[in-house]
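Could you build the full structure based on these sequences and the hints that come with them?
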Amino acid sequence: MFGPILVAHLAAVIVAFAITPYTKFVHWIYRLLAIYKDNVDKST
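All residue numbers for the sequence shown refer to this note's numbering, where the first residue is 49 and numbers rise by one.
Read the hints as simulated data drawn from the structure, not as lab findings.
Wrong hints could be hidden among the right ones.
Derived Cβ-Cβ restraints for the label pairs, each shown as a range [to be verified]:
#1 Asn-87 x Phe-65: 26 to 32 angstroms
#2 Ile-67 x Asn-87: 27 to 33 angstroms
#3 Pro-69 x Asp-89: 19 to 25 angstroms
#4 Leu-81 x Ala-56: 30 to 36 angstroms
#5 Leu-80 x Ala-60: 24 to 30 angstroms
#6 Ala-56 x Ile-77: 25 to 31 angstroms
#7 His-57 x Val-88: 28 to 34 angstroms
#8 Val-61 x Val-88: 35 to 41 angstroms
#9 Lys-90 x Pro-69: 38 to 44 angstroms
#10 Ser-91 x Thr-71: 29 to 35 angstroms
#11 Pro-69 x Thr-92: 24 to 30 angstroms
#12 Asp-86 x Val-55: 28 to 34 angstroms
#13 Ile-53 x Asn-87: 32 to 38 angstroms
Glycine included, each C-beta is placed from N, C-alpha and C at the ideal position.
Shown next as structure tokens:
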């Protein structure tokens with residue numbers, strides 16, 4: 049009964065984690081790193 053549901057759920061979780069770096073969900077991390085790098089480059 050729960051076997052196929054478990055497999056589908058785990059597949060969905062794995063896919064969600066796989067595509068996370070390419071979504072706007074974590075875009076703010078890259079944005080903050082870019083701003084930090086820009087500030088470091090300007091100060092040198």
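- Query: Of the hints given before, which are not true for this structure?
  - Reply: Violated: hints 7, 9, 12 and 13.
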